[in-house]
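Position chain B relative to chain A; hints supplied.
Each chain, letter by letter, is given below.
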Amino acid sequence: GESVGLHLPTLSVQEGDNSIINCAYSNSASDYFIWYKQESGKGPQFIIDIRSNMDKRQGQRVTVLLNKTVKHLSLQIAATQPGDSAVYFCAENRRQGGKLIFGQGTELSVKP
Amino acid sequence: GAVVSQHPSRVICKSGTSVKIECRSLDFQATTMFWYRQFPKQSLMLMATSNEGSKATYEQGVEKDKFLINHASLTLSTLTVTSAHPEDSSFYICSARARGWQETQYFGPGTRLLVL
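Protein chains in written order, with our numbering: chain A, 1 to 112; chain B, 1 to 116.
It is worth saying that the hints were derived from the structure and are not from the lab.
From a predicted model like this one, the values you see are computed outputs, not experimental measurements.
Careful: at least some of the hints might be erroneous.
Unchecked claim - Label pairs and their in silico Cβ distance ranges:
1. B/Leu116 with A/Asn67: 44 to 50 Å
2. A/Pro82 with B/Lys14: 36 to 42 Å
3. A/Val70 with B/Leu114: 23 to 29 Å
4. A/Ile20 with B/Ile12: 27 to 33 Å
5. A/Gln14 with B/Leu26: 24 to 30 Å
6. A/Gly41 with B/Thr82: 24 to 30 Å
7. A/Ala79 with B/Thr80: 41 to 47 Å
8. B/Thr80 with A/Gly41: 18 to 24 Å
9. B/Leu26 with A/Gln60: 19 to 25 Å
10. B/Phe39 with A/Ile20: 26 to 32 Å
11. B/Asp27 with A/Gln60: 19 to 25 Å
12. B/Thr17 with A/Asn18: 45 to 51 Å
13. A/Ser12 with B/Thr82: 29 to 35 Å
Note that beta-carbon positions come from the ideal geometry of N, C-alpha and C, so glycine has one too.
Next comes chain A alone, as it looks inside the complex (with noise of 0.2 Å):
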């Protein structure tokens, strides 16, 4: 059925270095995505949001990258720390106001 799927389920990255989340989704009238970042037991928190109508966001330290045309989206982090050190997910939002549809996530783990 139609989800929304991330490429590698973890992620090992060294302290200082970028780290680039991918996440695929597989319906074209995805209007809205959010990427979560979820430490381990807690709740999920925003990271950054893009719509479907731009192909990049930027905030601080994080930039989501919208390719609609393989329907690909990507998270990168600049300069990772061990406070990044999370499980990621993203989620997209399939009609305005509608609910959203989790990807499985990524365990990103950051090497000091």
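Relative to chain A, chain B alone:
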């Protein structure tokens, strides 16, 4: 801003008892709240969507008589797990979406339920 709280953060109960979990939006009015369930090492699974003043909409496979949801005000939604069994043990997370904020959902810290 956009703070969502849950209470309790952790609960242990005996099989057959009922447990109520509260979800509150602390600094905004939430027209819609969502309840999710998450098993270890898995993604979030939406259980139901709760709109203030109306009945909740449950996802397929979620028993509405077992998971009672009440959204009595714009800042409070409750999830009651009735006659809990060990298989109901899980991490329950709520999220809230404010009027005018369209799709952005902000999540609570979660409630860990253990049914013995």
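Outcome of the hint check:
As the Cβ distance of B/Leu116 to A/Asn67 is approximately 48 Å, the hint placing it in 44 to 50 Å holds. Take A/Pro82 and B/Lys14: their Cβ atoms lie about 40 Å apart, and the range 36 to 42 Å holds. Separation of A/Val70 from B/Leu114 is about 43 Å and departs from the stated range, judged on CB atoms against 23 to 29 Å. A beta carbon spacing of about 40 Å between A/Ile20 and B/Ile12 contradicts the range 27 to 33 Å that was offered as a hint.
For the hinted restraint 24 to 30 Å between A/Gln14 and B/Leu26, the CB-CB distance of approximately 38 Å leaves it violated. At about 25 Å, the CB distance of A/Gly41 to B/Thr82 agrees with the hint of 24 to 30 Å. In this structure the hint that A/Ala79 and B/Thr80 lie 41 to 47 Å apart at CB holds, the actual value being about 45 Å. Taking 18 to 24 Å as the suggested C-beta distance range, the pair B/Thr80 and A/Gly41 conforms, at roughly 23 Å.
As the Cβ distance of B/Leu26 to A/Gln60 is approximately 23 Å, the hint placing it in 19 to 25 Å holds. Checked against the hint of 26 to 32 Å, the C-beta distance between B/Phe39 and A/Ile20 comes to roughly 27 Å, which is consistent with it. Checked against the hint of 19 to 25 Å, the C-beta distance between B/Asp27 and A/Gln60 comes to roughly 21 Å, which is consistent with it. Separation of B/Thr17 from A/Asn18 is about 49 Å and conforms to the stated range, judged on CB atoms against 45 to 51 Å.
Take A/Ser12 and B/Thr82: their Cβ atoms lie about 43 Å apart, and the range 29 to 35 Å is violated.
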